[in-house]
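*Asks:* Each chain is listed here by its residues.
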Amino acid sequence: MMPYFKFDYFSVDFSLVIAFVIGIAFGFVLERGGFGNARILAAQFYFSNMRVLKVMFTAIITAAIGLFYFTWIGWLDLSLVYTTDTFLIPQIIGGVFLGIGFIVGGYCPGTSFVSASTGRIDGMVYILGIFFGIFVFGEMFPLFENFFNSTPMGRVTLHEYFGLSHGLTLFLVVLMALGAFAAAEWGEKIMAKKNGRGAE
Amino acid sequence: MKELIMKLSTPWKLAILAGLLGFFALIIGNPANKNVIDVNAKEMALATVKNQDRIDVMTLADWLIKENADYTLVDLRMEKEYGEYNIPTSVNIPIESLLNSDLMRNQKILLYGNDDVVAAQAWFILKSANYKAVYLLNGGMNAWKNEILFPKLDASATAEQTAAFEKAKQVSLHFGGTPQIVSGGTATTVAASPTATQALPKLTAPAGKVGGGAKKKKEGC
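Chains A and B, in that order, are what the protein sequence lines are.
The letter at position 76 of the first sequence is residue 76 when you use the working numbering, and the numbering goes up by one with no holes.
Position in the second sequence counted from 1, then plus 200, gives you the working numbering.
FYI, nobody ran anything at the bench for these hints, they're computed from the structure.
None of the values given here were measured: they were computed from a predicted structure.
Glycine is no exception: its CB is placed at the ideal position from the N, C-alpha and C atoms.
Check before you lean on any hint, since a few could be wrong.
Claimed, not checked - Taking CB as the label site, the calculated pair distances span: (1) Phe-324/B to Asp-8/A: 14 to 22 angstroms; (2) Asp-8/A to Thr-362/B: 50 to 58 angstroms; (3) Ile-227/B to Gly-163/A: 13 to 21 angstroms; (4) Phe-144/A to Ile-205/B: 49 to 57 angstroms; (5) Ile-205/B to Lys-193/A: 30 to 38 angstroms; (6) Ile-205/B to Gly-110/A: 32 to 40 angstroms.
To be verified - With a Cα cut of at most 25 angstroms, we get these calculated DSS-like pairs of lysine-lysine: (7) Lys-308/B to Lys-332/B; (8) Lys-189/A to Lys-213/B; (9) Lys-352/B to Lys-369/B; (10) Lys-327/B to Lys-242/B; (11) Lys-54/A to Lys-189/A; (12) Lys-189/A to Lys-207/B; (13) Lys-213/B to Lys-202/B; (14) Lys-213/B to Lys-54/A; (15) Lys-345/B to Lys-280/B; (16) Lys-207/B to Lys-54/A; (17) Lys-266/B to Lys-352/B.
From just these sequences and the hints, can you work out the full model?
*Replies:* Shown next, in the form of structure tokens:
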């Protein structure tokens with residue numbers, strides 16, 4: 001029965017080994033997908049290369065479909081899978097900040113490590129920036145602690161929030177993703193014509 | 201049809217697969233979590249207060265002697281302990297495999313471990329999984345040993361106690377036990393059995409297997 005860790009199939013120590021292996025695999029796949037390149041990542045925001053959107057949405061629906069069917073078969077207890085609590089307004093503001101950093105620096109936190117590991121200097125500088133930012137955030141935390149903990153909604157999932165069935169929600173998300181893929185392909189063609197070159 | 205599929209590019213195939221899986225999910229609706237069960241806590245609490253679900257070892261011995269067999273006796277101890285000695289007619293089902301066993305929900309089930317703790321836990325698991333008639337052997341194997349296999353009578357016992365002991369002695373001998381009279385800390389065996397020590401009776405039949413014998417038809421197939 002999954003999740004294996006919650007059912008004590010292995011210890012905390014061994015979970016670190018597993019995390020390491022999965023992390024290496026994740027980094028490798030990101031790099032192979034071109035996510036170690038700031039130009040490709042930043043191009044997302046100019047709609048000339050929609051790779052980020054395609055990869056993200058693919059990951060989301062693959063995981064969502066997997067979790068749904070594993071639960072249905074009885075392999076997985078979804079209620080034990082960790083879901084981050086929702087703090088609506090702080091998370092929207094945080095998302096905007098992350099987006100700005102993404103456009104300016106060309107990386108999100110995870111991809112900056114991928115980039116740095118392949119020897120890119122911009123990736124390494126980005127990592128330094130992350131640690132500096134964490135330090136500043138930590139020092140200033142008492143100033144906005146109240147805001148940080150505002151609008152708490154607890155553990156929220158789409159189907160619980162909207163009162164839909166789990167399957168219907170999954171179906172809508174899959175439709176949304178497929179629509180986004182189609183729109184992305186179409187958008188890339190338009191932008192390629194406009195810019196006079198093919199999508200990277 | 202085959203050509204049509206061959207012509208499709210990989211992204212298209214994946215997109216169609218995702219679409220189909222999403223559509224089936226729509227039909228499935230909510231994947232029920234089979235491990236989450238509703239429990240009528242009130243009913244359970246009442247059952248424990250009234251002690252309706254406890255069977256004394258004497259009652260069990262009585263049933264065994266009369267060959268009353270409308271219940272399944274479940275031994276929750278380790279396989280090794282079970283192999284050394286078990287109460288006649290019992291089947292060995294460790295607590296972790298209780299829900300996957302052949303026990304049926306409408307069956308009368310009598311549980312015992314070494315003491316009451318494991319049996320009580322198993323009782324709760326079975327009750328919450330909607331098993332209707334679940335009972336505990338009061339005191340478990342320890343009580344069975346103390347009261348049935350090795351009953352003791354104090355040398356300075358009253359006539360009433362002696363009369364009760366005479367009955368216990370017969371029961372004990374029936375199950376191959378060793379009744380004793382205790383005087384001043386030393387125990388004297390009164391049984392006809394030549395062994396003076398408190399040896400557990402030898403198992404006459406090889407230790408039964410889980411759900412041994414003819415498999416009963418599972419409920420709700």
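*Asks:* Going straight from one Cα to the other, do Lys-54/A and Lys-189/A come out at no more than 25 angstroms?
*Replies:* 15 angstroms, holds
*Asks:* What's the verdict on Lys-207/B and Lys-54/A, does the C-alpha distance respect the 25 angstroms limit or exceed it?
*Replies:* 22 angstroms, holds
*Asks:* Are the Cα atoms of Lys-308/B and Lys-332/B separated by 25 angstroms or less?
*Replies:* 8 angstroms, holds
*Asks:* Honestly, do Ile-227/B and Gly-163/A meet the 13 to 21 angstroms range at C-beta?
*Replies:* 19 angstroms, holds
*Asks:* Hey, Lys-213/B versus Lys-54/A, does the alpha-carbon distance stay inside 25 angstroms?
*Replies:* Holds - the C-alpha atoms of Lys-54/A and Lys-213/B are around 15 angstroms apart, at most 25 angstroms.
*Asks:* For the pair supplied as a hint, Lys-266/B and Lys-352/B, is the alpha-carbon distance within the 25 angstroms limit?
*Replies:* Holds: Lys-266/B and Lys-352/B sit about 24 angstroms apart, inside 25 angstroms.
*Asks:* Would the pair Lys-352/B and Lys-369/B pass a check requiring their Cα atoms to be no farther apart than 25 angstroms?
*Replies:* With a Cα-Cα distance of about 9 angstroms, the restraint between Lys-352/B and Lys-369/B holds, given a limit of 25 angstroms.
*Asks:* Does Lys-242/B lie within 25 angstroms of Lys-327/B when you go C-alpha to C-alpha?
*Replies:* 12 angstroms, holds
*Asks:* Would the hint linking Lys-189/A and Lys-207/B be met if the CA-CA limit is 25 angstroms?
*Replies:* 22 angstroms, holds
*Asks:* Using the Cβ atoms, figure out if Asp-8/A sits within 50 to 58 angstroms of Thr-362/B.
*Replies:* Holds - the Cβ-Cβ distance for Asp-8/A and Thr-362/B, about 54 angstroms, lies within 50 to 58 angstroms.
*Asks:* Holds or violated: are the alpha carbons of Lys-213/B and Lys-202/B at most 25 angstroms from each other?
*Replies:* Distance ~13 angstroms between Lys-213/B and Lys-202/B Cα, so the pair holds.
*Asks:* That 32 to 40 angstroms hint for Ile-205/B and Gly-110/A (C-beta), does it hold up?
*Replies:* 36 angstroms, holds
When held up to the earlier numbered hints, the structure conflicts with none and fits them all.
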